[in-house]
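Quick mapping for you: the protein sequence lines, in order, are chains E and A.
Okay, so the first sequence: first residue is 1 according to this note's numbering, each after it adds one.
Okay, so the second sequence: first residue is 416 according to this note's numbering, each after it adds one.
One should not assume that every hint holds.
[Unchecked claim] Just some of the chain A residues that point at chain E, by a computed CB distance under 10 Å:
1) K421
2) K428
3) E491
4) F501
5) I502
6) W534
The set of hints was computed from the structure by calculation and includes no laboratory data.
Positions of the beta carbon are idealized from the N, C-alpha and C atoms, including for glycine.
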Amino acid sequence: MKNFITTLISCSIYMTIIGMIIMFITLLIKEKYKEKSFYHIWILIVLGLVIPFRPYWGKFLINIANNSDMLIQLVNSDKNYLNLVSNTQIVATKIYRINSHLYLFIFIAWLIGVISIIFYSILKHINFLFIIKRWNEQIKGKEEITTFKNIKKELGIKSNIKLYMCPLIKSPMIIGIINSTILIPQIEYTPLEIALILKHELVHFKRKDLWVKILVIIAIAIHWFNPFIYLLPSIVSLNCELSCDEKVLHNKDIKVRLTYFDALVKTIKSQSKLKTSLSYNFFERRKGMEHRLLSILNMKQKKNGRYIVLILIPIVLSTGVLVGCNKSISTVQPTSNTQPKSKNQTKTDFYSKSILKKYKSFDDFQKKAILEIPYSEQKYGTTYSGTLKFAEGKVINTTNKFVATYQGIIKIKAQ
Amino acid sequence: MKITKKLPDAEFKIMKVVWENTPPITTSIVMKQLEEQEEWKLQTIISLMIRLIERNFLRTEKIGKERTYYPLITKEEYLKFETNIFIKQYHDNSLVSVVNSFFDGKKVKDSDVTQLLDWVKRKRV
Numbered sequence: 001m002k003n004f005i006t007t008l009i010s011c012s013i014y015m016t017i018i019g020m021i022i023m024f025i026t027l028l029i030k031e032k033y034k035e036k037s038f039y040h041i042w043i044l045i046v047l048g049l050v051i052p053f054r055p056y057w058g059k060f061l062i063n064i065a066n067n068s069d070m071l072i073q074l075v076n077s078d079k080n081y082l083n084l085v086s087n088t089q090i091v092a093t094k095i096y097r098i099n100s101h102l103y104l105f106i107f108i109a110w111l112i113g114v115i116s117i118i119f120y121s122i123l124k125h126i127n128f129l130f131i132i133k134r135w136n137e138q139i140k141g142k143e144e145i146t147t148f149k150n151i152k153k154e155l156g157i158k159s160n161i162k163l164y165m166c167p168l169i170k171s172p173m174i175i176g177i178i179n180s181t182i183l184i185p186q187i188e189y190t191p192l193e194i195a196l197i198l199k200h201e202l203v204h205f206k207r208k209d210l211w212v213k214i215l216v217i218i219a220i221a222i223h224w225f226n227p228f229i230y231l232l233p234s235i236v237s238l239n240c241e242l243s244c245d246e247k248v249l250h251n252k253d254i255k256v257r258l259t260y261f262d263a264l265v266k267t268i269k270s271q272s273k274l275k276t277s278l279s280y281n282f283f284e285r286r287k288g289m290e291h292r293l294l295s296i297l298n299m300k301q302k303k304n305g306r307y308i309v310l311i312l313i314p315i316v317l318s319t320g321v322l323v324g325c326n327k328s329i330s331t332v333q334p335t336s337n338t339q340p341k342s343k344n345q346t347k348t349d350f351y352s353k354s355i356l357k358k359y360k361s362f363d364d365f366q367k368k369a370i371l372e373i374p375y376s377e378q379k380y381g382t383t384y385s386g387t388l389k390f391a392e393g394k395v396i397n398t399t400n401k402f403v404a405t406y407q408g409i410i411k412i413k414a415q
Numbered sequence: 416m417k418i419t420k421k422l423p424d425a426e427f428k429i430m431k432v433v434w435e436n437t438p439p440i441t442t443s444i445v446m447k448q449l450e451e452q453e454e455w456k457l458q459t460i461i462s463l464m465i466r467l468i469e470r471n472f473l474r475t476e477k478i479g480k481e482r483t484y485y486p487l488i489t490k491e492e493y494l495k496f497e498t499n500i501f502i503k504q505y506h507d508n509s510l511v512s513v514v515n516s517f518f519d520g521k522k523v524k525d526s527d528v529t530q531l532l533d534w535v536k537r538k539r540v
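Same shape as in the complex, but just chain E:
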């Protein structure tokens, strides 16, 4: 449990740092590269936030119940004690995690947060769909329906996408992953503007941007304790829109761009009439809007930043693997053979550093000895090494933070 929580927090912190570095880098190079590359980078980050937990979920849950035995053989190279030690087998049975109530409590609190955010989002969305549906009206103009069909053909979309007018909303939008519907508000757009707006929404459909939004919700649900995660939706959303604008306006002349610009300004204007509560924003929204409007008119050729995304993939994924390891500790398994082969065996992976000379008898040793057992564990291509300290048959200390939660009951028996 503790490992799970530390994993979660370390992943959150790691991804926050990466996100901040990327935001900083973006400021420096945003003029040079296509918006698409930045959008892909953010999708990668969202995946990094969501994925590390997925492959290890099952394993983690099973691990709690899976208590394997641990056999540690003590062999001392010191000749005087070789006999004693080689005849001694320390059997650590039932290694299990300390089911600390505190960690369990934190875990449950986290889980409640995750479930409530997901449920809240689903309910809110269902409610949203119902309210919208009440007001949906058929598009009356035949012209719009023909343009819609033409753009669909142009983009190679064969799926059935509905098109409605909805007076309740203030911006055109696309909703629904299964039954995709494009909604147009009651705003006086010119036919050319409508065509560009429809293309914008259909590009969203083609790129499956709604799936990204769902991933963002999952990322928020998992990392709800991280205050920075709440910045993620607006960052991803802005990058998504910017790259969508870019795609729609690819190779378009300034005339088309100005039409698009006007359509966006009209939409912004219609929203300004609404009264929204004053809420503090970490980012200045206006800057985002200006950025978007400016980039619509920007006709400079930009570099394809594909390699930036490629460089970032291992960085983000490596976190995932590392984070995954920390969590899924099962048991410490000695790499050597646990049965002594001969009395003269001097080299093993596990040996006792304790000075056994101090003890009068085996019983005395069993009572008083503090054993320091260095061990190494190989997992996921990484070697973890540390020292386990045993006293009175219990692990009292370890230098490796990854096994800090082990409690061992050690039976020492003379053979």
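Starting from the structure of chain E, add chain A where the hints point.
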């Protein structure tokens, strides 16, 4: 007349028909237009319209044998009311919605928009 409550679905459907037609409205007009969507009996429609009268959405007159209905609240008035509720629910919502908007105006301040529009004006000149 101030609207205080959101209309239930069934009554909203009746009102939609009322708004689409020029008054006076009769139950038979409503019935005919809802035929395709709903299998409502005449009695259901009459009781729904009575409820709408109680809500002050409709008023009724009796000319001869026929009872006619007139809207008291226009579509625009009611739309404004629902839009406000809708905005409160969805624009002040800090969480993401699974929607791709052309322009996502969530949490945009009015002052920001006016400043932006000034900026646009300056840019275009």
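Verification of the hints:
no., hint, verdict
1, K421, "holds (9 Å)"
2, K428, "holds (8 Å)"
3, E491, "holds (9 Å)"
4, F501, "holds (6 Å)"
5, I502, "holds (5 Å)"
6, W534, "holds (6 Å)"
When the structure is compared with the earlier hints, no violation turns up for any of them.
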